[in-house]
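Peer 1: The task is simple: from the sequences and hints, build the whole structure.
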Amino acid sequence: DYINNTNSIKPSSAPSSGTSFGEGYSHHLIYRICPKFTTNPAEKIEALIDAHTGKLYSFKNKIDLLQIRGSVFPTSNDGLLPDGVIMHKWPMPYMTVTDALGRKFTTDHGGSAPLVGDESVTISFVGPYVRMNDACGVSELRGSWDLDWGTSIGSDCSKTSTGGLGNTHSSRSGFYELNMIKAMARSHLPNNEWLKQTLVANMNLHSSCNAFWDGESVNFYRGSAQCRNTGEISAVFDHEWGHGLDDNDVTPGISEPSGEGIADIYAAIRLNDSCVGRGFWKGRKCDAAGDACLECTGVRDIDYRKMQSKSPHTLSWAIANCNNSVHCLGLVYSEAIWSLYTQKLPQLYGYDAN
7 DYINNTNSIK PSSAPSSGTS FGEGYSHHLI YRICPKFTTN PAEKIEALID
57 AHTGKLYSFK NKIDLLQIRG SVFPTSNDGL LPDGVIMHKW PMPYMTVTDA
107 LGRKFTTDHG GSAPLVGDES VTISFVGPYV RMNDACGVSE LRGSWDLDWG
157 TSIGSDCSKT STGGLGNTHS SRSGFYELNM IKAMARSHLP NNEWLKQTLV
207 ANMNLHSSCN AFWDGESVNF YRGSAQCRNT GEISAVFDHE WGHGLDDNDV
257 TPGISEPSGE GIADIYAAIR LNDSCVGRGF WKGRKCDAAG DACLECTGVR
307 DIDYRKMQSK SPHTLSWAIA NCNNSVHCLG LVYSEAIWSL YTQKLPQLYG
357 YDAN
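Taking my numbering, the leading residue of the sequence shown gets 7, the next gets one more, and so forth.
Hints may contain errors.
Said to hold, decoys possible - Across the chosen pairs, the derived CB separations fall in these ranges:
#	residue 1	residue 2	range
1	T112	S317	46 to 52 Å
2	L346	E262	38 to 44 Å
3	T128	V206	19 to 25 Å
4	S223	C40	34 to 40 Å
5	S213	L346	57 to 63 Å
6	G160	Q353	42 to 48 Å
Just so you know, the hints here were simulated from the structure itself, not pulled from any lab data. Since we're looking at a predicted model, the values are computed, not measured. Ideal Cβ placement from N, Cα and C applies to all residues, glycine included.
Peer 2: In structure tokens:
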């Protein structure tokens, strides 16, 4: 699998084990191993290994690979620090990169393509797992070295000076988040065929205050006086994607009546936040059939301790208050799972969020 014909042994320096700050470095005899992995055309791997203990000090590619970056909303577009404002130079994972010869490559989880950085390439918000379809227009970026989609001011169809009309906050943020949650899911469900397919995400649709899974794609609306752009909120991406996974798991079809609760759980556990879709509402908080959220500006809070009643929303409560609303009924399921995840498992078994 590799050719190790460039190995050497040399002295090196490393912090001394068990020493205090200011006591300097000790010397170690280091093996320098340079394997050549045949699957990657642009790599020069160097590993530095302690000759006596076998400890690995470094393992990296010495070639500067092409990097694809962009500015995204990590969690929300509500303007709250640290994760409700735009963050720059985030990796664009699993993006298709086309070189000057028409060959296609895919960036890795960290946004690197297996190409030398000075090669000229073309990219758009398309990859093997996610394709953005933005109602504001198409996207395309050409260049070399570190390609950066940049950022923009405002929301909806506001764009950067490069990359086309489809280079919006929604397309950048959605491409990042949907690829990340799909990668997490593939690590747990490697045999799920739907997770291996390309998911289409329709951004900046001409309406507001909603998003939906239509059986084939995920869909997100622009902002309005009442609501922010749902294509700029990570939990909304994760929730709608969660419907897709629910629809394509071992029992096909959306679960009833717990489907909305299942989608909320995917979003809440992915972001470790019981407030699903923080920042969805402008100037107000959510409620559950009259039970007001104390903090959450999203669509729901699945932690009953953060509701005015501070009481679990049971099946009896749902029958009496939900009037068959699927989002309201979903609270019975999502609250139970969130309570197990954040209260019972830590209390009974010492589990943490990891």
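Peer 1: All hints are to be evaluated individually against the structure, with a verdict given for each.
Peer 2: Now the hints, each set against the structure:
no., hint, result
1, T112 / S317: 46 to 52 Å, "49 Å, holds"
2, L346 / E262: 38 to 44 Å, "21 Å, violated"
3, T128 / V206: 19 to 25 Å, "20 Å, holds"
4, S223 / C40: 34 to 40 Å, "45 Å, violated"
5, S213 / L346: 57 to 63 Å, "36 Å, violated"
6, G160 / Q353: 42 to 48 Å, "45 Å, holds"
Checked against the numbered hints above, the structure violates hints 2, 4 and 5; every other hint is satisfied.
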